[in-house]
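Student: Between the sequences and the hints, there should be enough to build the whole structure, so can you do that?
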Amino acid sequence: MGSFIEVVLGGLMAGVLYSLVALGFVLIYKASGVFNFSQGAMVLLAALAFARFSEVMPMPVAFLLAATMMVALAFAVEWLVLRRLVNQDGIVLFLATFGITYFIEGLGPQLFGDNIYRIDLGMPKEPKIILENMFEGGLLINLEDLIAAVVAGLLVAFLALFFQKTATGRALRAVADDHQAAQSVGIPLNRIWVIVWSVSGFVALVAGMIWGSKLGVQFSLVLIALKAIPVVILGGFTSIPGAIVGGLIIGVGEKIAEVYLGPIIGGGIENWFAYMLALVFLLVRPEGLFGERHIDRV
Amino acid sequence: MSAVAAVNAAVVAPSRGIGEVILALENISLAFGGVQALADISFDVREHEIRAIIGPNGAGKSSMLNVINGVYHPQQGTIYFKGEKRHRMEPHKVASQGVARTFQNIALFKGMSVLDNLMTGRSLMMKTGILQQALYWGATQREELAHRAKVEEIIDFLEIQSIRKTQVGRLPYGLQKRVELGRALAAEPTLLLLDEPMAGMNVEEKQDMCRFVLDVNGEFGTTIVLIEHDMGVVMDISDRVVVLDYGRKIGDGLPDDVRNNQAVIDAYLGVKH
Chain A
1 MGSFIEVVLG
11 GLMAGVLYSL
21 VALGFVLIYK
31 ASGVFNFSQG
41 AMVLLAALAF
51 ARFSEVMPMP
61 VAFLLAATMM
71 VALAFAVEWL
81 VLRRLVNQDG
91 IVLFLATFGI
101 TYFIEGLGPQ
111 LFGDNIYRID
121 LGMPKEPKII
131 LENMFEGGLL
141 INLEDLIAAV
151 VAGLLVAFLA
161 LFFQKTATGR
171 ALRAVADDHQ
181 AAQSVGIPLN
191 RIWVIVWSVS
201 GFVALVAGMI
211 WGSKLGVQFS
221 LVLIALKAIP
231 VVILGGFTSI
241 PGAIVGGLII
251 GVGEKIAEVY
261 LGPIIGGGIE
271 NWFAYMLALV
281 FLLVRPEGLF
291 GERHIDRV
Chain B
1001 MSAVAAVNAA
1011 VVAPSRGIGE
1021 VILALENISL
1031 AFGGVQALAD
1041 ISFDVREHEI
1051 RAIIGPNGAG
1061 KSSMLNVING
1071 VYHPQQGTIY
1081 FKGEKRHRME
1091 PHKVASQGVA
1101 RTFQNIALFK
1111 GMSVLDNLMT
1121 GRSLMMKTGI
1131 LQQALYWGAT
1141 QREELAHRAK
1151 VEEIIDFLEI
1161 QSIRKTQVGR
1171 LPYGLQKRVE
1181 LGRALAAEPT
1191 LLLLDEPMAG
1201 MNVEEKQDMC
1211 RFVLDVNGEF
1221 GTTIVLIEHD
1231 MGVVMDISDR
1241 VVVLDYGRKI
1251 GDGLPDDVRN
1261 NQAVIDAYLG
1271 VKH
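Sequence lines, in order, name chains A and B.
Numbered by the working numbering, the letters in the first sequence go through residues 1 to 298 in order.
Numbered by the working numbering, the letters in the second sequence go through residues 1001 to 1273 in order.
Worth flagging that the hints you see were computed from the coordinates, not collected in a lab.
Note that the Cβ used here is the ideal one computed from N, Cα and C, for glycine as well.
One thing to keep in mind: the hints can contain errors.
Selected chain A positions facing chain B (Cβ under 10 Å, derived; list incomplete) [stated by the list, open to error]: (1) Pro127; (2) Thr166; (3) Gln183; (4) Val185.
Tutor: Printed below as a string of structure tokens:
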């Protein structure tokens, strides 16, 4: 029993981090209908920037500077790309984000170097044993993961509230729903796009810092972002709660599959489990767990 | 005497204090590739009046509204709004000058509640910054409450109290049209553009909608430009009528003048060649 709970906890914590990356996807998709393929590259860029800045300056300053850089990126993307593609099909915008992806993947290492960099957030690294009197041998948990999960959870809760309760959040949802109508009530699309890309950039920074402090900042961070794609398929492209729950399901699911199915059908399940689960969902419930179901009148 | 001349001579009914020209369109031409949607159209709208645009399908009525609200930019022609020449302007800018509209194929935010839809109508009046809103503190909270109070007035006015928390996508068509009117009203516009507000409604719903349009005009003094197919409605509620056909203006004047205008009758009923 104790070991099962450990597996689930481990999965939940990995899942929270998937959720964070997925959240970046959902934010942009919700507010502009664009599936932003470059979210992973943004995570890499933000993490690189933070890692290198923090080598030469205090951490809070490095954080602010990296966040500012992500906001600047948002302005650049709006100015150089999105503004030119107003009223184009979703697929055009999607492909444009491919271009942005490769650009950022080149820009990041160019500016900040292409080694593996450490981020030390000063979190406790050593695992801790808790609840010894409930389970034999207690539960082994990693405090760093736990703190990361709490931070991610708070950020997600904050964003969900912001979206639901504030005027800007309402404007973001309005733009996501209908560009024309949003403009007709006086919501400027350009400003909304800058806001969502900035917020996604900020989320990418937080995700990049947490992943980076676990694994080191390196190019493979981009691949983690790919895991966020099955997460949003599972949770629904338009749902913030969906991103959270989807991330948790995939995190826990792949850990359980690895530990309990691994010995039977061979290891390495962790690498493909998420994608298979997403495939099953596409067949059974294409709009995801929390996505809006589209019923078209024929 | 031609129909156009008849209009210019027509005396505008003074009953509801119809005032100066608030919107003037001069020689507007709009083409999409080789298709001439609007050809050299001029007409004006006076303060506090209800101005109808009618015409057969494809006559360019919706294009005309889209020009007024900045969705389309005409290749030729000049627009004067509140006495000033208007330069090329995006829809959200036009909105900030006090122009609100509804759409032919309802363009509500379907995933949001009725209340949230109406609140978006007040976007332009929200003054607090994004960081302030993130903290949801003092000024932000007061602002939300003030706007909420105004929106509740509109909800009462349109008699949609019972659906205020309902997701808009779930409402029947007639009610959605009413909510869309509500969203436009929430902006407290000086000029309201209505694109077929009664299309697809049954008689009872149409009567309600007519009443709301007249009340908006009468109580708030809002100037209204409206596209409508139902001739009975048009003749009943509008002060002056513009008739378009194949992108050209073929009639303009008081409802009775337009009704008896031979060009208009031909356009609607067809003519022997």
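Student: Does each hint fit the structure? Answer for all of them.
Tutor: Structure-based check of each hint:
| no. | hint | verdict |
| --- | --- | --- |
| 1 | Pro127 | 35 Å, violated |
| 2 | Thr166 | 4 Å, holds |
| 3 | Gln183 | 4 Å, holds |
| 4 | Val185 | 5 Å, holds |
In this structure, the one hint that does not hold is number 1.
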